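Chemist: Just need the whole structure built from these sequences, with the hints factored in.
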Amino acid sequence: MGRKYLLGNEAIAHACIESGVDFVSGYPGTPSSEVIDVLRVQLDRSYYVEWSVNEKVALENALAAAWCGIRALCTMKHVGLNVAADPLITSAYTGVTAGLVIMSADDPFAHSSQNEQDTRCYAHFARIPCLDPASIQEAHDMIPKAFSLSEEFGLPVLFRPTTRICHSKGDVELSEPVAGLRKGEFHKDPRQYVVIPAHTRILHKKLNEKQSAIRKRLVEHGFNRYTIKGKTAIIASGIGATYVQELLPEGVSFMKIGAYPIDEDWLGVFIKKHEKILVIEELAPEVEEAVRQVAGCVPVLGKKNGYGSYEGELSPPAVADIMEKAGFLKKNPFLQVEPEQNLPSRPPILCAGCLHRGAFYAIKKVFKDAIYPSDIGCYTLGLQLGVVDTTICMGASITVASGISHAGDPRDIVCTIGDSTFLHTGIQGLLNAVYNGANITVVILDNRITAMTGHQPNPNSGMTASGVESPAVSLDAICRSCGVSFVESVNPYDITGMVTVLQEAKKRKGVKVIIAKQMCVISARRAGIKRGSYQVNPEICTGCGTCVRFGCPAIEFADEKARINDLCSGCAVCAQLCPVGAIAREGKK
Amino acid sequence: MSGSFNVLIVGIGGQGTILASNILGEACLIEGRHVKGAETHGMAQRGGSVESHIRIDGLFGPLIPPGQADLLISFDLLEALRYSHYVKKGGKMVVNRHLVLPTSVFTQNLPAPTQDEIILALQKHTLCLLDADKMAEEAGSPLSQNVVMLGAASPSIPLKPGSLLDAVKSLVPKKTININVKAFELGREYGGTC
Chain A
1 MGRKYLLGNE AIAHACIESG VDFVSGYPGT PSSEVIDVLR VQLDRSYYVE
51 WSVNEKVALE NALAAAWCGI RALCTMKHVG LNVAADPLIT SAYTGVTAGL
101 VIMSADDPFA HSSQNEQDTR CYAHFARIPC LDPASIQEAH DMIPKAFSLS
151 EEFGLPVLFR PTTRICHSKG DVELSEPVAG LRKGEFHKDP RQYVVIPAHT
201 RILHKKLNEK QSAIRKRLVE HGFNRYTIKG KTAIIASGIG ATYVQELLPE
251 GVSFMKIGAY PIDEDWLGVF IKKHEKILVI EELAPEVEEA VRQVAGCVPV
301 LGKKNGYGSY EGELSPPAVA DIMEKAGFLK KNPFLQVEPE QNLPSRPPIL
351 CAGCLHRGAF YAIKKVFKDA IYPSDIGCYT LGLQLGVVDT TICMGASITV
401 ASGISHAGDP RDIVCTIGDS TFLHTGIQGL LNAVYNGANI TVVILDNRIT
451 AMTGHQPNPN SGMTASGVES PAVSLDAICR SCGVSFVESV NPYDITGMVT
501 VLQEAKKRKG VKVIIAKQMC VISARRAGIK RGSYQVNPEI CTGCGTCVRF
551 GCPAIEFADE KARINDLCSG CAVCAQLCPV GAIAREGKK
Chain B
1 MSGSFNVLIV GIGGQGTILA SNILGEACLI EGRHVKGAET HGMAQRGGSV
51 ESHIRIDGLF GPLIPPGQAD LLISFDLLEA LRYSHYVKKG GKMVVNRHLV
101 LPTSVFTQNL PAPTQDEIIL ALQKHTLCLL DADKMAEEAG SPLSQNVVML
151 GAASPSIPLK PGSLLDAVKS LVPKKTININ VKAFELGREY GGTC
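Note that the protein sequences, when read in sequence, are chains A and B.
The first sequence runs contiguously to residue 589 in this note's numbering.
The second sequence runs contiguously to residue 194 in this note's numbering.
Since the hints were derived computationally from the structure, they do not count as laboratory data.
One or more hints might be untrue.
[Stated by the list, open to error] Computed footprint of chain A on chain B, listed as stretches where at least three residues anywhere in the stretch have a Cβ under 8 Å from a Cβ of chain A: (1) 9-23; (2) 46-53; (3) 65-72; (4) 107-113.
Just so you know, these numbers come straight off a predicted model, no measurement behind them.
The beta carbon of each residue, even a glycine, is placed where N, CA and C say it ideally should be.
Modeler: Right under this line is the structure:
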């Protein structure tokens with residue numbers, strides 16, 4: 001097949017095709033999304049692929065496929081594994097017939113996440129193997145072995161790349177694709193698949209009995225390996241291992257950990273040959289704890305005694321710092337250079353013409369002194385507009401709103417949630433709020449797509465992952481069937497209309513739902529929708545700044561006048577806000 | 001750092017830095033050389049500051065540490081200054097003269113450096129400043145700006161111009177090959193003079 005320059009996730013997707021994967025499911029989440037985005041657009045596809053509505057749903061589907069004897073892949077980001085934790089833990093008891101690989105992509109430094117949890121801890125907790133690649137090539141090469149390991153031990157295997165693997169690029173050696181799409185067949189076996197207490201006690205024992213053989217096999221696979229060069233040693237895992245290898249001085253032994261659980265006997269033999277051990281790894285001290293358990297009187301340096309950090313990601317200078325402090329380098333070879341100070345920051349921002357900005361503007365106008373729980377999506381950027389007071393996890397806008405309502409805070413509560421997030425884990429919160437009589441206004445920001453992670457379709461889009469038409473779900477009908485009587489749909493580009501509906505909701509008690517419906521501006525551009533662009537007439541503009549405070553990246557301000565740049569997508573919201581009517585469509589007076 | 005040639009490409013989400021880094025990666029492959037890189041995906045792409053690291057002949061990690069870039073290519077003047085500490089002593093900067101101020105400057109009335117102040121601050125490095133917007137127009141499309149930038153940087157990159165051009169041709173949309181080849185050549189011609 002040859003060598004290609006690929007994104008880590010592209011290489012992982014290709015490795016799944018090389019492994020003859022038959023069934024693929026997952027929920028989008030940075031940095032994991034591109035794996036399914038690559039798999040779902042392959043033309044001569046020999047596997048089933050779906051975007052599921054959430055990670056629990058995705059994993060249960062994939063598990064069932066693996067029970068039917070076909071190879072299954074399930075992808076998600078690390079926090080998605082929390083949602084899927086329920087089936088995850090028990091799937092280790094039931095086991096699988098064909099390979100089940102669960103990719104849970106970690107995000108050290110939380111580049112695009114709400115926390116920095118470490119998937120390796122879940123593998124430890126569930127007692128299943130976990131593979132932790134240090135490079136794109138290794139990520140690619142681990143996938144076929146992950147499937148075969150899963151089949152050998154009859155257990156799901158966790159595959160845990162991090163952002164610096166998923167979103168790195170490199171030259172990767174690929175192999176030939178293997179056709180999947182074998183037909184699955186479910187063989188009834190209640191003692192395996194029905195986890196009543198009598199069965200599950202036996203299954204738990206079987207799971208524990210597998211552990212020792214798993215440890216040995218992971219060493220035989222070469223995921224965990226070492227070279228002895230002297231009396232001191234560095235043990236490293238993940239991307240940190242590549243940073244160490246680039247800096248490793250002569251005469252220092254090196255052990256690379258790429259799979260868990262680590263075999264203690266094998267680890268002990270290595271440690272006993274050394275007088276000092278330094279452990280370097282990102283996030284949780286998983287390797288370090290294993291090392292400390294067998295180290296005896298050999299001194300171990302790691303984050304537990306101040307060599308390295310529990311948070312953030314490693315980098316070459318950070319690793320050099322640790323090595324210098326631990327006496328493995330005389331001096332950090334990287335210069336300490338300070339970035340330029342006092343530059344205006346450039347955080348991500350809602351696009352020019354984004355529907356969320358109009359919706360947030362109207363919410364703030366009608367509900368001035370309110371509490372604004374929000375959720376996970378592009379609209380979390382509403383923080384910059386002062387309309388996001390809380391964000392915890394997927395679906396936690398409506399639940400936090402009802403919790404605050406029942407806690408007795410007298411202020412109005414207006415929460416915002418996107419369509420994909422609502423369908424992920426928002427519905428249960430709405431049902432609960434209605435059932436228990438909360439007083440809240442819910443605004444569903446409906447752009448018909450899962451935008452932030454790269455425009456994946458969801459049940460609201462009218463299309464499946466592979467582009468097959470499907471009936472678009474009615475958010476209105478879902479809300480009404482949860483028992484909400486006030487459900488209004490409105491176009492958030494129409495500020496007057498949006499304000500009127502919000503005012504109506506403000507007057508009422510109970511749970512009110514407003515569906516702010518407008519296509520994502522990026523989808524609209526891709527679909528060729530052109531609305532023209534708007535301009536400020538400098539002769540009319542008084543420089544009052546109303547449009548500038550709206551926060552649209554298309555609006556600039558110079559020489560006491562507003563000006564619209566070429567990012568304008570023609571949503572016309574600013575023209576509605578201008579108190580003197582200075583903004584009009586280009587070419588119109 | 002182990003003999004790799006380190007290129008940092010920076011700009012604003014949506015400006016096409018990823019295509020530029022793909023072209024470099026593809027050109028390395030054409031020459032049978034190893035390459036490692038890292039880039040920004042996800043939320044930061046929404047109009048935020050973005051960076052692509054490319055290590056030509058890189059064998060280890062994908063990240064370029066501050067002070068270790070041989071070449072910085074910036075699609076925006078302010079972003080050039082933000083990342084200027086990545087450039088190593090004797091390294092080069094190829095910078096688009098265009099300046100987009102962050103929206104927060106207008107909404108929060110934050111102080112921002114002027115174009116002249118930024119250029120002055122950048123001049124402590126070897127600087128090649130160009131008007132990529134105008135040259136892209138001349139090539140036939142404002143969207144070819146990223147290829148103009150790459151062309152302008154190409155005399156400093158240890159890859160054959162033929163490999164870079166082949167990579168351009170294989171990665172841009174078929175209909176725009178001629179425009180992008182012209183964009184590369186216009187950029188390269190200018191880059192050779194600075």
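Chemist: Out of the numbered hints, which ones does the structure contradict?
Modeler: none
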